[in-house]
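Asker: Residues per chain are reported as follows:
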Amino acid sequence: MMETFWYCAVTLMLAVYAVLDGFDFGLGIVYPFVAKTDTERRIALAAIGPVWNGNEVWLIAAGGLLFFAFPKAYAAGFSGFYLALIIVLWLLIARGLALELRSHLNHTLWRQFWDVTFAGASMLLAVVFGAALGNLIRGMPLSQDGYFFVALWTNFMTGPDPGILDWFTILMGVTSVSVLAFHGANYLAMKTEGQLRGQACRAARLAGAAAAALAGLTLIAVLFVQPSFRLNYAAHPIGYVFPLIGLVALMAALGLRRRDRDAGAFYATSLLILTMLAGAAWGSYPNILIATNDPANSLTVTNATAGAYGMHVGLWWFLIGFGLIIAYQVCAHRAFWGKVQL
Amino acid sequence: MPSALLYDRLQFAFTSTFHYLFPQLTMGLALLLLYLRSRALATGDEQYHQASRFWTKIFALSFAFGVVTGIPLEFQFGTNWAKFSNFAGGVIGQVLAMEGMFAFFLESSFLGILLFGEKRFSQRVQWFAALMLFLGSWISGYFILATNAWMQHPVAYSVAPDGRLFVDSLSGLLTNPWLFWQYTHNMTAAVVTASFVMAALGAFYLLSGQHTAQARIFIRTGVVAGAIATVLMGFPTGHGNARQVFEHQPIKGAAFEGLFKTERGVGLLLIGQPNIETMTIDNPLIIPDALSVVVYDELYAEVKGLDAFPRSDWPDNLPLLYYSYHVMVGLGTILVSVMGLALLWLWRGRLFTANWLLWLLMLSVPFPYIATTAGWMTAEIGRQPWLVYGLLRTADGASPLVHSGNALFTLLGFLGIYSVLGLLFLFLVAQTIRHGPSGHPVPSEHA
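Residue numbers (this note's numbering), protein chains in the order written: chain A, 1 to 342; chain B, 1 to 447.
There's no promise every hint is true.
[What the hints assert, rightly or not] Simulated coverage check for chain B against chain A, where a stretch passes if three residues somewhere in it have a Cβ under 8 angstroms from a Cβ of chain A: (1) 68-80; (2) 109-115; (3) 367-373; (4) 395-401; (5) 406-415.
No wet-lab data here; the hints were simulated from the structure. Backbone N, C-alpha and C fix where the C-beta goes; we use that ideal spot for every residue, glycine too.
The whole structure should be built from the sequences, with the hints applied where relevant.
Answerer: Next comes the structure, spelled out in structure tokens:
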């Protein structure tokens, strides 16, 4: 019971992270194509300037919560995906610095350098995060004592000796780029006016079409790569609400986009991302890390847990903390509501 | 030592040492900034407003570098120290998760308001944001030190059948007796760093004849805060720390002092080079009986030397530990003297014209950084060979399947990236200093 609560809590934190940092990643992906002049770029960056750091904290908090609730899964997962995670760290460093430092010097080369860094790191991180989700869905060969190690790539197949990158996880990565680009472009359109907004709308429509096609392809691939998901959904059909709502959200996002309803489209892509992650978590439960070699080696909410007392006492501070977080985050986002002013 | 373990250790040592150069400034500066903003709000004095805005810029720079170098630390618990995370996650996961929930959101939300809200919000709202920023950074320090205190002095845990540890009292974990002196000592050190930075920059401006009105505020604030904080570093916080080390980690204490043999009436070693082969100190300079008095309040008290303990439990780099400790204490003494002198001259109204003392303040700025780094090296090298004191050896904590080729690859990567980061930071701080505090009411343009 407690284990399930914490599984949901970690999923929720990650899903909120994906929605919030997702829009600033997405903005980074479309940034070089949409914002051409220095003024446009400054406006685009000002749209996320005060909030991106807070958005990223959801990742740190979700990681901390995973460590707290399922230390065994945290240990196995983080050491098993060693290189990918360290590369994520380096990209997060580069991206964070780009956002913080670009404005410090008024020199064309300085700004061009950080522009490329910001866009490139945003794009690569979107790929890696999508691929990471793909790895969790596909599973990995886990030893009996619960550790594994996968290389960055092997033969790009999902077979018994997979790498972090294979055809399936790359597909997930590309899907993630398109969905986040759609999401981020909607956000940028919502926050800007005039020509910049027009360019953001065009980018959003393009990314939206790609996202729709790729999301469909990914859904089919998931059923093919991880049969246990199908079983989970068949056993608990109520879970179909997630993909169904996801489908509705995607349709709504495309429809609202066509009618240039920026805010509506943005909320629809937010819902789409939430349901995609919730749907994956539903399919995986009770597994956190799925063993492809022997299902008995999988790390689940029960065998990776941190003990009954800790989980109970954690409930108290988590509920208080979560309330506070919502309050700060609402404050921070409300403070910068509306169109960007430089 | 298997080479993967060596690289894992070097990587954590390097990334955490580098990271802590930034938070020690931001945590201390958060307090001084709150003071400047309070003064500005109370008096409406434009000088204090300008000073607040200027130090907010420096704060934001240091904070940004602290954030980007901080994320790798939480990740590395899992990536490089998987067996430790599995073993102890049921305890320290609790405090690390609380840090994220209670401190990081607070800091990031209100820093955004402080940096981007110059035009949008009233002075009162900005003051409130500064207060929240101070609280957030000091709460963050509390939780991360609760983690370290537990690794130094494990409490409030029970052992599960599979050998993993689970917390059995959250209040016990948060009120670990070790934590009290460690937290007060560490946070005071952060104030020392920030005071020296503020006073040194004031001295620089005054000596070069720029922004002189601001410079006086910087010096006055830095010197008063620094004088108080440097005294508190030694007594009671440093003293309290040393006593609990001798009580609970006597091997570490013996290594601090280069005390190879158990003796009565032990002297305090000021300078000397430890020789591990002969187990003696070369060129010693000793105050007779002083160590016995400092630790046990008794002239002829017996102090246990390293010979009282099995060699397998000795810290694995005795000379480095010994030097770290002595550098910390030695620099601490210098810092308190510099601030003491400066305070005296300030009180007599002569500091602003005493060029030699301004030079001294300006050139002292690296020392609190070195002292703090040496202090942390003392704590952490002294904890060896344990990762969790008495419970888990460092050699048993690393990730089992991350081989040395991978660990060295990422270590080299961090070395390269952080070198660039260090240069960037210095360049941008120099840039901000050159711009100076007076003039533009709005931080140049934050977009």
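Asker: Cut-off 8 angstroms, C-beta pairs, minimum 3 residues; does the coverage of the region 367-373 of chain B by chain A stand?
Answerer: Not satisfied, violated; 0 residues make the cut.
Asker: Given that the region 109-115 of chain B was listed as covered by chain A, double-check it with a C-beta distance under 8 angstroms for 3 or more residues.
Answerer: Holds: 6 residues of the region 109-115 of chain B have a Cβ under 8 angstroms from chain A.
Asker: So is the region 395-401 of chain B in contact with chain A by the C-beta rule, three or more residues under 8 angstroms, or is the coverage claim wrong?
Answerer: holds (count 3)
Asker: Are at least 3 residues of the region 68-80 of chain B within less than 8 angstroms of chain A when you compare beta carbons?
Answerer: Since three or more residues must qualify, the claim that chain A covers the region 68-80 of chain B holds, with 10 doing so at under 8 angstroms.
Asker: Test coverage of the region 406-415 of chain B by chain A using CB-CB distances below 8 angstroms; three residues minimum.
Answerer: holds (count 4)
Hint 3 from the earlier list is the only one contradicted by this structure; the remaining hints agree with it.
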